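In the order they appear, the protein sequences are chains H and L.
Quick note on numbering: the working numbering labels position 6 of the first sequence as 6, and the sequence is numbered without any gaps.
Quick note on numbering: the working numbering labels position 388 of the second sequence as 388, and the sequence is numbered without any gaps.
Source of the hints: derived by calculation from the structure; they are not laboratory data.
On a predicted model such as this, the values are computed, not experimentally measured, just so you know.
You may find that some hints are simply not true.
What the hints assert, rightly or not - Mimicking DSSO-like on lysine-lysine, the simulated pairs with C-alpha atoms at most 30 Å apart in a straight line are:
{"#": "1", "chain 1": "H", "residue 1": "Lys149", "chain 2": "L", "residue 2": "Lys128"}
{"#": "2", "chain 1": "L", "residue 1": "Lys400", "chain 2": "L", "residue 2": "Lys193"}
{"#": "3", "chain 1": "H", "residue 1": "Lys156", "chain 2": "H", "residue 2": "Lys102"}
{"#": "4", "chain 1": "H", "residue 1": "Lys99", "chain 2": "L", "residue 2": "Lys128"}
{"#": "5", "chain 1": "H", "residue 1": "Lys156", "chain 2": "L", "residue 2": "Lys126"}
{"#": "6", "chain 1": "L", "residue 1": "Lys128", "chain 2": "L", "residue 2": "Lys299"}
{"#": "7", "chain 1": "H", "residue 1": "Lys287", "chain 2": "H", "residue 2": "Lys268"}
{"#": "8", "chain 1": "L", "residue 1": "Lys299", "chain 2": "L", "residue 2": "Lys330"}
{"#": "9", "chain 1": "H", "residue 1": "Lys102", "chain 2": "L", "residue 2": "Lys330"}
{"#": "10", "chain 1": "L", "residue 1": "Lys374", "chain 2": "H", "residue 2": "Lys156"}
{"#": "11", "chain 1": "L", "residue 1": "Lys128", "chain 2": "H", "residue 2": "Lys156"}
{"#": "12", "chain 1": "H", "residue 1": "Lys191", "chain 2": "H", "residue 2": "Lys156"}
{"#": "13", "chain 1": "H", "residue 1": "Lys149", "chain 2": "L", "residue 2": "Lys299"}
{"#": "14", "chain 1": "L", "residue 1": "Lys126", "chain 2": "H", "residue 2": "Lys99"}
{"#": "15", "chain 1": "H", "residue 1": "Lys102", "chain 2": "L", "residue 2": "Lys400"}
Claimed, not checked - Quick list of simulated restraints, FRET-style, between CB atoms:
{"#": "16", "chain 1": "H", "residue 1": "Phe181", "chain 2": "L", "residue 2": "Glu357", "range": "24 to 32 Å"}
{"#": "17", "chain 1": "L", "residue 1": "Arg91", "chain 2": "H", "residue 2": "Asn25", "range": "37 to 45 Å"}
{"#": "18", "chain 1": "H", "residue 1": "Glu271", "chain 2": "L", "residue 2": "Arg91", "range": "42 to 50 Å"}
{"#": "19", "chain 1": "L", "residue 1": "Lys193", "chain 2": "H", "residue 2": "Pro52", "range": "48 to 56 Å"}
{"#": "20", "chain 1": "L", "residue 1": "Lys374", "chain 2": "H", "residue 2": "Glu267", "range": "55 to 63 Å"}
{"#": "21", "chain 1": "H", "residue 1": "Glu227", "chain 2": "L", "residue 2": "Asp130", "range": "50 to 58 Å"}
{"#": "22", "chain 1": "L", "residue 1": "Glu213", "chain 2": "H", "residue 2": "Asp129", "range": "41 to 49 Å"}
{"#": "23", "chain 1": "H", "residue 1": "Gln141", "chain 2": "L", "residue 2": "Glu357", "range": "57 to 65 Å"}
{"#": "24", "chain 1": "H", "residue 1": "Ser257", "chain 2": "L", "residue 2": "Arg91", "range": "31 to 39 Å"}
{"#": "25", "chain 1": "H", "residue 1": "Ile119", "chain 2": "L", "residue 2": "Asn412", "range": "44 to 52 Å"}
Glycine included, each C-beta is placed from N, C-alpha and C at the ideal position.
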Amino acid sequence: MRPSPLANPLATVAQIRPSSSQIDNIPSDLEDSVRFAGARLTQAAGILLRLPQEVVAQAIVIFTRFWVGQEGGSLVQFGAEQVSQASLYLATKLSAYPKSAKSVINVYAYLDSFPSTFIDPEELHRKKDPKEYYVSEGTYQTRRDALFKVEQYVLKVLGFQLHVSLPYTLCITYLQALDVFRHPLGRELAKRANAHLNSALLSPQLLYLTHQPSQLATAAIYLAAKEVGVKMPDVDWWEVFDTDREELGFLVVGLLSVESFAMKEKEKWGEARVPMTVDAVEAELQKRSTSSGVE
Amino acid sequence: MAGASRWADEEGDRAEKDRRKKEKEEKKRAKLAKQQAEEEAKARAEQRVQRSDERPSKKRKLSPDGEEDAQPQFGERKLLRFEAPGWGPCRHTSNFETLNHIEEGSYGWVSRAKAISTGEVVALKKIKMDYNQDGFPITALREISILQQARHANIVDLREIVMGNGLDDVVMVMEFIEHDLKTLEEDMFDPFKPSEVKTLLRQLGSAVGFLHENHIMHRDLKTSNILLNNRGQLKLADFGMARHVPPPHAPLTQLVVTLWYRAPELLLGAEDYGPEIDMWSIGCIFGELLSKEPILQGKDEVDELSKIFALCGLPNDKTWPGFYRLPNAKALKIPRDTKSGSVIRSKFTFLTNAGAELLTSLLSLNPAGRPTAKQMLQHPYFTENPRPMPPEMFPSFPSKAGQEKRRKHSPNAPRRGDAPKIGGGELDFSSIFAGREEEQKGAGFQLRIG
Ligand SMILES: Nc1ncnc2c1ncn2[C@@H]1O[C@H](COP(=O)(O)OP(=O)(O)OP(=O)(O)O)[C@@H](O)[C@H]1O
Ligand SMILES: [Mg+2]
């Protein structure tokens with residue numbers, strides 16, 4: 001495969017910053033918030049659509065790629081909710097679990113009914129009858145047309161580069177290679193590592209865009225082993241998995257910071273909603289400039 | 001969610017606003033371009049450093065914060081590094097100048113073109129946007145994504161995807177290959193020589209083996225989808241039907257593979273078929289290369305089955321366990337007493353025993369009896385005399401694709417629109433099997449459809 005089925009196209013140094021949104025004067029903290037909320041929204045929609053985590057992860061990586069770099073999509077032009085929808089739709093199309101445009105649209109309508117961006121995952125399913133949120137035929141057609149249009153924009157901006165290799169299976173293989181499952185805490189370790197891989201998808205540092213799956217898996221294992229208290233081999237074992245010490249250090253710090261970032265975001269937005277549409281972003285910018293007295 | 005509908009409603013206004021914004025952006029970007037170029041140059045320089053990095057002694061310890069290293073992000077030891085391409089937005093179609101049209105297929109249009117900046121000749125395949133309920137055509141999406149990943153000496157190289165002014169104007173840019181086997185075969189006076197057939201078959205097996213290893217089925221192998229350049233290199237093309245082998249028991253559409261190359265299990269309605277269907281097609285192609293014309297030219301599905309049985313013999317419980325459980329097998333009245341075996345050996349008289357044995361196994365009715373692509377390549381046929389002709393010794397033929405529009409002779413691949421919705425109640429084979437009173441005549445036996 002080109003060049004290896006295990007490799008991902010990565011963002012180049014120049015691609016990471018500044019982003020298209022930043023050029024359009026979107027404050028980078030707002031961009032971080034929207035990207036984070038968008039990734040979480042994608043995750044939530046994926047859960048409701050009962051998609052395997054691999055498909056959801058691919059969708060989140062596609063979503064994240066879209067905003068990166070000067071030639072990426074800008075929040076001035078595209079709403080994060082629509083890009084999330086299109087990314088998820090594209091990821092399911094290429095998977096063995098295609099979903100109709102209708103179910104994707106209905107799920108996003110349902111998720112939009114929650115008053116706050118930071119939905120408790122428990123609440124996702126507990127809430128009322130999803131059927132109540134099915135959109136009308138007219139609304140569906142409008143939204144479907146919009147979805148198809150944004151889908152094409154996503155393809156265009158990414159140059160059709162939708163290929164994502166994920167670290168999940170690799171992580172299990174590495175754990176087996178390290179003979180971790182013989183340890184009484186082996187399963188626990190595997191679970192932690194997997195959780196780290198999931199949260200890394202939400203990283204404001206875009207870890208999935210800057211590092212290869214092998215490195216992500218290695219860092220997740222390293223961190224999980226420390227947390228669970230499993231002693232790893234006394235050698236530089238990560239090098240076996242093509243990760244050097246510097247990368248490992250960087251990634252471990254990156255993984256650890258996702259949690260604190262998430263906490264800060266939750267605090268920052270509280271019961272309010274992160275702006276997920278072009279109009280909402282504009283309103284947010286208005287609000288900021290008024291409150292800071294610039295205007 | 002107001003954004004969704006409003007975005008669509010105010011599309012016109014938005015477009016104008018976008019345009020102005022674009023202009024503004026363009027200026028900003030120009031300023032940034034220099035900075036970007038510098039950064040890119042730096043990144044490249046760093047990559048070079050990384051590549052030229054000598055493997056240092058294993059003993060050497062790095063300080064954890066890497067302060068002793070000028071480029072802390074790159075390790076001291078030579079670790080495996082993937083050469084991973086990045087991504088960027090689609091370029092515009094105007095970067096290419098069309099020279100001539102090659103072929104109008106069912107999913108796209110193919111033309112020969114020149115890259116304006118480099119002068120390189122390429123093939124452009126325009127994606128046909130069938131406006132349905134699914135947005136960007138899923139088959140095209142699969143074709144692109146599979147080709148992007150499938151890099152192999154015998155698979156056509158997809159360079160990039162370009163777009164025109166509209167979002168619907170999507171074009172695949174591929175390396176240009178002078179011939180396809182179908183056109184060649186029609187224009188050639190004599191069939192390929194045995195040594196040439198061997199080289200072609202070996203390259204085809206190598207491409208298909210690679211795909212299967214990566215869990216991809218091509219599902220439309222036929223001579224018109226197999227390209228050959230002037231250096232005797234075969235390149236597999238047209239991945240419009242290709243897909244990954246799905247998880248077990250996920251139903252697949254049987255409406256794949258052009259009729260004359262379609263495996264019997266597909267004709268009989270199997271839903272959980274596998275890569276063996278490609279091996280059947282390879283068998284058909286093998287036979288075709290030898291005889292200079294398709295060997296199983298059925299008029300319809302039933303006729304195709306009869307021709308298959310006439311050539312390969314009739315299936316029974318022993319040769320193909322599970323045959324009678326296939327959905328359409330019940331509708332077939334197969335005479336059990338008739339002695340009807342394979343006539344492959346006697347039809348391909350000029351083939352060596354090894355060759356006939358390989359062809360017979362590829363055209364095994366029972367999918368389990370077909371060799372895998374890997375096994376095929378190990379077959380003695382490839383090592384016995386005459387040896388495969390080295391590709392560079394291949395004669396070069398005048399290229400039709402380079403000059404003029406090609407004609408079409410063989411039936412098309414099944415179209416997506418024709419595909420029955422599995423489980424949707426539309427899977428009605430009555431037109432094919434039921435209600436047919438007449439008997440299809442095969443050679444030496446009769447196939448009753450009732
Ligand atoms: N890279 C290429 N270089 C030269 N000719 C090509 C190339 N790709 C395709 N062609 C020509 O165009 C024809 C059609 O291409 P392809 O099979 O990919 O399109 P399609 O629309 O899927 O066709 P069909 O439905 O008829 O199979 C091929 O048979 C071949 O003759
Ligand atoms: Mg074709």
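Agreement of lysine 149 (chain H) and lysine 128 (chain L) with the hint, judged by alpha carbon distance not exceeding 30 Å
Distance of about 16 Å is within 30 Å: holds.
When you check the alpha-carbon spacing of lysine 102 (chain H) and lysine 400 (chain L), does it fall within 30 Å?
At roughly 46 Å apart (the allowed maximum being 30 Å), lysine 400 (chain L) and lysine 102 (chain H) break the hint.
Between the alpha carbons of lysine 156 (chain H) and lysine 102 (chain H), is the straight-line distance 30 Å or under?
Distance ~23 Å between lysine 156 (chain H) and lysine 102 (chain H) Cα, so the pair holds.
Lysine 102 (chain H) and lysine 330 (chain L) were given as a pair; does the straight-line alpha-carbon distance stay at or below 30 Å?
violated, 38 Å
Holds or violated: lysine 156 (chain H) and lysine 126 (chain L), Cα atoms, limit 30 Å.
holds, 15 Å
Starting from the range 55 to 63 Å, see whether the pair lysine 374 (chain L) and glutamate 267 (chain H) falls in it by beta-carbon distance.
At roughly 58 Å between Cβ atoms, glutamate 267 (chain H) and lysine 374 (chain L) fall inside 55 to 63 Å, so the hint holds.
Can the restraint linking lysine 400 (chain L) and lysine 193 (chain L) be considered satisfied, given a maximum Cα separation of 30 Å?
Holds, because 21 Å separates the two Cα atoms, which is no more than 30 Å.
What's the verdict on lysine 126 (chain L) and lysine 99 (chain H), does the C-alpha distance respect the 30 Å limit or exceed it?
Holds - the C-alpha atoms of lysine 99 (chain H) and lysine 126 (chain L) are around 26 Å apart, at most 30 Å.
Tell me if the beta carbons of glutamine 141 (chain H) and glutamate 357 (chain L) are separated by a distance inside 57 to 65 Å.
holds, 59 Å
What's the verdict on lysine 99 (chain H) and lysine 128 (chain L), does the C-alpha distance respect the 30 Å limit or exceed it?
holds, 22 Å
Are isoleucine 119 (chain H) and asparagine 412 (chain L) spaced within 44 to 52 Å by their CB atoms?
With Cβ atoms ~49 Å apart, the hint holds.
Hinted pair lysine 128 (chain L) and lysine 299 (chain L), Cα distance within 30 Å:
holds, 27 Å
Hint check: violations occur at hints 9, 10, 12, 13, 15, 16 and 17; the rest are consistent with the structure.
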